[in-house]
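Counting with our numbering, you get residues 287 to 414 for the letters of the sequence shown.
Since the hints were derived computationally from the structure, they do not count as laboratory data.
Every value quoted in this text rests on a predicted model; they were computed, and no experiment measured them.
Check each hint, because a few of them may be wrong.
Simulated restraints, written as ranges between beta carbons of each label pair [as the list claims (entries may be wrong)]: (1) Pro413 - Val343: 57 to 63 Å; (2) Phe329 - Ile376: 54 to 60 Å; (3) Tyr358 - Ile381: 39 to 45 Å; (4) Gly305 - His392: 54 to 60 Å; (5) Gly396 - Ile326: 56 to 62 Å; (6) Tyr353 - Ser398: 36 to 42 Å; (7) Arg371 - Gly304: 39 to 45 Å; (8) Asp397 - Gln363: 16 to 22 Å.
Just so it is clear, CB atoms sit at the ideal spot from N, CA and C, and this is done for glycine as well.
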Amino acid sequence: MLVDIIAHPHWFWLTLGGGNAGTSGYLLWSGLAAVMVGIIEWFIPFSWTAQGSMFAVLTLVCVFLWYRWMRYREARQVPNTLNQRGSQMIGLQLILESALQNRTGHVRIGDSSWRVQAEQDLPAGTPV
C-alpha cells in the first residue's frame, strides 16, 4: 500500500482531503487544500517537499479567504436577538411602577421583573 501511495501521491492527497472535509468543518479548510493539492498533483507531478509546501500555503490561503468571507457576511447580517432576552431590551423605554430607592429598583417587562439603576432616585411614573 505504501508503494501505491508513493507511486500515486494524488490519491494520498485526495483521501486526506476527503477525510478532513468530512469532520464537520473542523478541518474543512485543510481538507480543501489537500483536495486541491491532489488534483494539481494528478495533472502535474511534484516532489513530496513541494506537495507539502503547496499544502501548507493552500491551507493558509483557504483559511484567509474563509475569514474574509465570514467578516463580509457578518457585516451584512442584521444582529439576531432571538433567545437573547437582554439584547432584545436594549433601547426599550418603560415607565417606573415604583420609586427608585438608593438609585436602584425594578420594572416589570412582560411577566418578569428586571433590575434598573439610575444616577439618582426617581419617583414612580418616570419614563426610563
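Against the structure, the hints come out as follows:
| no. | hint | in the structure |
| --- | --- | --- |
| 1 | Pro413 - Val343: 57 to 63 Å | 60 Å, holds |
| 2 | Phe329 - Ile376: 54 to 60 Å | 55 Å, holds |
| 3 | Tyr358 - Ile381: 39 to 45 Å | 42 Å, holds |
| 4 | Gly305 - His392: 54 to 60 Å | 56 Å, holds |
| 5 | Gly396 - Ile326: 56 to 62 Å | 59 Å, holds |
| 6 | Tyr353 - Ser398: 36 to 42 Å | 39 Å, holds |
| 7 | Arg371 - Gly304: 39 to 45 Å | 43 Å, holds |
| 8 | Asp397 - Gln363: 16 to 22 Å | 30 Å, violated |
Hint compliance for this structure: hint 8 alone is broken.
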